[in-house]
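Colleague: Sequences listed follow chains A, B and C, in order. First residue of the first sequence? That's 1 in the numbering used here, and the numbers climb one at a time after it. First residue of the second sequence? That's 1 in the numbering used here, and the numbers climb one at a time after it. First residue of the third sequence? That's 1 in the numbering used here, and the numbers climb one at a time after it.
Since the hints were made in silico from the structure, they are not lab data. Nothing here was measured: the structure is a model prediction, and the numbers come from that model. There may be inaccurate statements among the hints.
List of simulated lysine-lysine pairs, BS3-like, C-alpha gap at most 27 angstroms [claimed, not checked]:
| no. | chain 1 | residue 1 | chain 2 | residue 2 |
| --- | --- | --- | --- | --- |
| 1 | A | 76 | C | 190 |
| 2 | C | 327 | B | 183 |
| 3 | A | 183 | B | 43 |
| 4 | A | 330 | C | 327 |
| 5 | B | 309 | C | 327 |
| 6 | A | 190 | B | 11 |
| 7 | B | 330 | C | 332 |
| 8 | B | 183 | C | 238 |
| 9 | C | 309 | B | 309 |
| 10 | C | 330 | A | 330 |
| 11 | A | 330 | C | 332 |
| 12 | A | 43 | C | 190 |
| 13 | A | 238 | B | 43 |
| 14 | C | 332 | B | 183 |
| 15 | B | 183 | C | 11 |
| 16 | C | 238 | B | 190 |
| 17 | C | 320 | A | 330 |
| 18 | C | 76 | B | 238 |
| 19 | A | 50 | C | 238 |
| 20 | A | 309 | C | 330 |
| 21 | C | 238 | C | 277 |
| 22 | A | 2 | C | 190 |
| 23 | B | 238 | A | 183 |
DEER-style ranges, computed between Cβ atoms [claimed, not checked]:
| no. | chain 1 | residue 1 | chain 2 | residue 2 | range |
| --- | --- | --- | --- | --- | --- |
| 24 | A | 294 | B | 313 | 25 to 33 angstroms |
| 25 | C | 42 | B | 292 | 22 to 30 angstroms |
| 26 | B | 290 | C | 105 | 51 to 59 angstroms |
Virtual Cβ for every residue (Gly too), placed ideally from N, Cα, C.
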Amino acid sequence: MKISDLAVLIKGAVEGDNDINITSLSGIGSAGEGDLTFALDEKKLSQAEKSRSSCVLTTLAMRTSTKPLIRVHNPKLAFLISYRILYPLEPSTSFIHSSAVVASSVKFGNNVCIGAQVSIEGHVTIGDNVIIESGCVIKGKCFIGDSCHLYPRVVLYQNSVLKRNVILHAGVVVGCDGFGYVKDQETIYKFPQLGKVIIEENVEIGANTSIDRGSLDDTVIGANSKIDNLCHIAHNVKIGRNVIMAAQCGIAGSVVIGDNVTMSGQVAVIDNVTIGKNATIGGKSGIIGNIDDGAVMWGLPARPLAQTKRQMALLFWLTKNFSILSKMVKEKA
Amino acid sequence: MKISDLAVLIKGAVEGDNDINITSLSGIGSAGEGDLTFALDEKKLSQAEKSRSSCVLTTLAMRTSTKPLIRVHNPKLAFLISYRILYPLEPSTSFIHSSAVVASSVKFGNNVCIGAQVSIEGHVTIGDNVIIESGCVIKGKCFIGDSCHLYPRVVLYQNSVLKRNVILHAGVVVGCDGFGYVKDQETIYKFPQLGKVIIEENVEIGANTSIDRGSLDDTVIGANSKIDNLCHIAHNVKIGRNVIMAAQCGIAGSVVIGDNVTMSGQVAVIDNVTIGKNATIGGKSGIIGNIDDGAVMWGLPARPLAQTKRQMALLFWLTKNFSILSKMVKEKA
Amino acid sequence: MKISDLAVLIKGAVEGDNDINITSLSGIGSAGEGDLTFALDEKKLSQAEKSRSSCVLTTLAMRTSTKPLIRVHNPKLAFLISYRILYPLEPSTSFIHSSAVVASSVKFGNNVCIGAQVSIEGHVTIGDNVIIESGCVIKGKCFIGDSCHLYPRVVLYQNSVLKRNVILHAGVVVGCDGFGYVKDQETIYKFPQLGKVIIEENVEIGANTSIDRGSLDDTVIGANSKIDNLCHIAHNVKIGRNVIMAAQCGIAGSVVIGDNVTMSGQVAVIDNVTIGKNATIGGKSGIIGNIDDGAVMWGLPARPLAQTKRQMALLFWLTKNFSILSKMVKEKA
Numbered sequence: 001m002k003i004s005d006l007a008v009l010i011k012g013a014v015e016g017d018n019d020i021n022i023t024s025l026s027g028i029g030s031a032g033e034g035d036l037t038f039a040l041d042e043k044k045l046s047q048a049e050k051s052r053s054s055c056v057l058t059t060l061a062m063r064t065s066t067k068p069l070i071r072v073h074n075p076k077l078a079f080l081i082s083y084r085i086l087y088p089l090e091p092s093t094s095f096i097h098s099s100a101v102v103a104s105s106v107k108f109g110n111n112v113c114i115g116a117q118v119s120i121e122g123h124v125t126i127g128d129n130v131i132i133e134s135g136c137v138i139k140g141k142c143f144i145g146d147s148c149h150l151y152p153r154v155v156l157y158q159n160s161v162l163k164r165n166v167i168l169h170a171g172v173v174v175g176c177d178g179f180g181y182v183k184d185q186e187t188i189y190k191f192p193q194l195g196k197v198i199i200e201e202n203v204e205i206g207a208n209t210s211i212d213r214g215s216l217d218d219t220v221i222g223a224n225s226k227i228d229n230l231c232h233i234a235h236n237v238k239i240g241r242n243v244i245m246a247a248q249c250g251i252a253g254s255v256v257i258g259d260n261v262t263m264s265g266q267v268a269v270i271d272n273v274t275i276g277k278n279a280t281i282g283g284k285s286g287i288i289g290n291i292d293d294g295a296v297m298w299g300l301p302a303r304p305l306a307q308t309k310r311q312m313a314l315l316f317w318l319t320k321n322f323s324i325l326s327k328m329v330k331e332k333a
Numbered sequence: 001m002k003i004s005d006l007a008v009l010i011k012g013a014v015e016g017d018n019d020i021n022i023t024s025l026s027g028i029g030s031a032g033e034g035d036l037t038f039a040l041d042e043k044k045l046s047q048a049e050k051s052r053s054s055c056v057l058t059t060l061a062m063r064t065s066t067k068p069l070i071r072v073h074n075p076k077l078a079f080l081i082s083y084r085i086l087y088p089l090e091p092s093t094s095f096i097h098s099s100a101v102v103a104s105s106v107k108f109g110n111n112v113c114i115g116a117q118v119s120i121e122g123h124v125t126i127g128d129n130v131i132i133e134s135g136c137v138i139k140g141k142c143f144i145g146d147s148c149h150l151y152p153r154v155v156l157y158q159n160s161v162l163k164r165n166v167i168l169h170a171g172v173v174v175g176c177d178g179f180g181y182v183k184d185q186e187t188i189y190k191f192p193q194l195g196k197v198i199i200e201e202n203v204e205i206g207a208n209t210s211i212d213r214g215s216l217d218d219t220v221i222g223a224n225s226k227i228d229n230l231c232h233i234a235h236n237v238k239i240g241r242n243v244i245m246a247a248q249c250g251i252a253g254s255v256v257i258g259d260n261v262t263m264s265g266q267v268a269v270i271d272n273v274t275i276g277k278n279a280t281i282g283g284k285s286g287i288i289g290n291i292d293d294g295a296v297m298w299g300l301p302a303r304p305l306a307q308t309k310r311q312m313a314l315l316f317w318l319t320k321n322f323s324i325l326s327k328m329v330k331e332k333a
Numbered sequence: 001m002k003i004s005d006l007a008v009l010i011k012g013a014v015e016g017d018n019d020i021n022i023t024s025l026s027g028i029g030s031a032g033e034g035d036l037t038f039a040l041d042e043k044k045l046s047q048a049e050k051s052r053s054s055c056v057l058t059t060l061a062m063r064t065s066t067k068p069l070i071r072v073h074n075p076k077l078a079f080l081i082s083y084r085i086l087y088p089l090e091p092s093t094s095f096i097h098s099s100a101v102v103a104s105s106v107k108f109g110n111n112v113c114i115g116a117q118v119s120i121e122g123h124v125t126i127g128d129n130v131i132i133e134s135g136c137v138i139k140g141k142c143f144i145g146d147s148c149h150l151y152p153r154v155v156l157y158q159n160s161v162l163k164r165n166v167i168l169h170a171g172v173v174v175g176c177d178g179f180g181y182v183k184d185q186e187t188i189y190k191f192p193q194l195g196k197v198i199i200e201e202n203v204e205i206g207a208n209t210s211i212d213r214g215s216l217d218d219t220v221i222g223a224n225s226k227i228d229n230l231c232h233i234a235h236n237v238k239i240g241r242n243v244i245m246a247a248q249c250g251i252a253g254s255v256v257i258g259d260n261v262t263m264s265g266q267v268a269v270i271d272n273v274t275i276g277k278n279a280t281i282g283g284k285s286g287i288i289g290n291i292d293d294g295a296v297m298w299g300l301p302a303r304p305l306a307q308t309k310r311q312m313a314l315l316f317w318l319t320k321n322f323s324i325l326s327k328m329v330k331e332k333a
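Excised from the complex, chain A in its bound form:
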């Protein structure tokens, strides 16, 4: 494809030879001839110039280059769209592997692919263009919306609901029992876990993450939210829209997370708190109370980022001045 043709599709402006052909995409480090790459800053552009790439997507404000450029508003987004243009998704054709075990009451949409060794129990409903890869287990009465993609060995417990275009990576478990017990005297009883999990459209969930079903209420993951690998979402949690949650976060029972919250890795949130919309939580934070809308928090326990940084600076200053402090305290004592 000529870069001039690509530029039209991604709403960019070519600078250099319009007739250069690109055949593939790659990162700067491994770019070869015919490859389109992208550079967000001057350092990356210099690297791209030393590579064998044929064309570089870059910002409107970037300096000129010895390489052909396509200037766009958002080079990373343009790269992504270029990828879709060069490698369009092939429409899948209906296919159920002969080793799959599918209950007769399962309802299928069009163009559904079911891999080897899949097990689908009774009264499951599956939309159009769904891919369920090898080794997945779908228990009874689940609903899987259009264009969902379940990678190998995903498990859905009963009644789980996936709206359209949900991606679940390998090993994800949806709808397992929440951690609810009643103690009476010396005995620990298991509390009934009767709710379900509802995952709204365009959600992606990383490998080996587990999402508990609600106990009496439901657990809900809002539309467009992205959850990374090995996270734990407990029963009755409500996650809003456009939430970004990095790997290994743990959200305890009945937590409410507002829209557009961003959470770095290994954050823990205590049960029953609310994290306001647009909040940002630094990695490894421990949230032990409600968080205001738009707050930027970090630490154990999490405090406003500026305060946590001040505390860290203070500790550093104190250790440096310890001998003086110590002398003062001794004199006063």
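The hints should help you fit chains B and C onto chain A, whose structure is shown.
Modeller: Chains B and C only, in chain A's frame:
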């Protein structure tokens, strides 16, 4: 079922119309007509009164209500028992799915259900009323006691022992090799992992948790203990009875955890320490030494809760008074 | 086997009756007659003397004993080698279970074992002496080197490369999509994840760990490195040789970890930093910047161990002397 009849079974006292019928259970938020719900405090009772629920389980001391009440000693426990009464477990009938691969030397009790795509290797013993769901892999010589329930895709390595009534959720791995190596010069050798995992009766283990086999000794999970999702239990760990461990905790090798210990989420315990019985460990704590019986600990490293709270208050006070402190230190220097 | 014969093979010196026979190995706690055990210190030797073990591997410098000893340079290593001598690995014979689903384009080496319910997609290459246990899913174009062992329910996404002698425990996911998105206005787009995972020789990876494929570059795990259960390795991470990473660590995108780094459990590393070779990171640390070669770090955020310990001591001192400090500040204010 009439609430007067239910009240007899759960040892409660009806207040209101004895003849009201209940047909189902639910939380206050979603309670409809015919539903039994429960309220532990006045606020919840007020919510229940606004709902369409037909009857509310509540405490002996609660105020009177416009709704029919059943007063009991422990409403949550009574709710749980009511659930069992309204939805009795159907006895399973023996069933081995035709796609399961079961070695001829496997011994089965009565009423065993084996789901699709299950693989059970040689010399495994399975008790009565066991359910092994789709996609589980049971390696050789395992023992699975009466009434165990293995959800989809559980893996048991060789020689794993589950006593009666153990519940393992999807993706649990029991008996994988511990993390044991011997360094010599530049080379890292794998140390033999020869022990097994023993899980005592009434234990429940959450999705995608892993429990290592012992290296030379065994790893043991005591009776009635409950372990949440995504926990890591290393080789040779001994967990006592009635231990509650929330999600994503990591217990290093040869740790001993006493009876009735409660651990919130994302706690880490260094190898070879002992946590005394009845101890309580706050979320995200890092345990780096032995913990006394009954201690209440929190922090990184974990210290008695009161001390950790004092340190946090102190840090807050210090940052507030930093300018004064700084002046004092400068004058003294 | 006579201990004199064993001593020759492990380059040790017998002290006591050369003709004693050993038939098995065990830890001191469970040692019976005919068992070889090992003791690294006097306390353990005393325990061994009270056991029924027939022979004790110990150091060159250890005191004499009532038990027959074999003195060696590294008793733990000698124990491991003795284990291999007494329990040699039986050569597997080629075997593909009839329930496995294997694409016709898969290339097999010699002596390959494929368990029940395995699924192997097109154009996979498998070396000699490979074991792939029940329920594994190998997606297209993967390469599995000689002597690799995949425990049950491992998933390899497309293009994953395992060099020789790699061990993957149950539930491991290799090659899942990295957590990469582009935000534009209100919309979150999934960034293409085109790279692969390369795992070099002699690597062992623990249960339910996930390793993301590279986005544009590759994710690489260096030779001889050992990664424990439930770790998360993000896209484009480069892990060096001989790295030891304990359970539940999380390594964010594009991190570089040098050779011989040792990391305790639940460490988190922020994206794009470099951890110098031979560094040691304490448990639960949060790494938020580059780490020098050979550094010993601990804390959140991680600082040199001595500094973190000094801060902890300081906090303790401050809480103890708070009333004096408080008085001083009040007088000065």
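Colleague: Quick check: which numbered hints come out false for this structure?
Modeller: 2, 14
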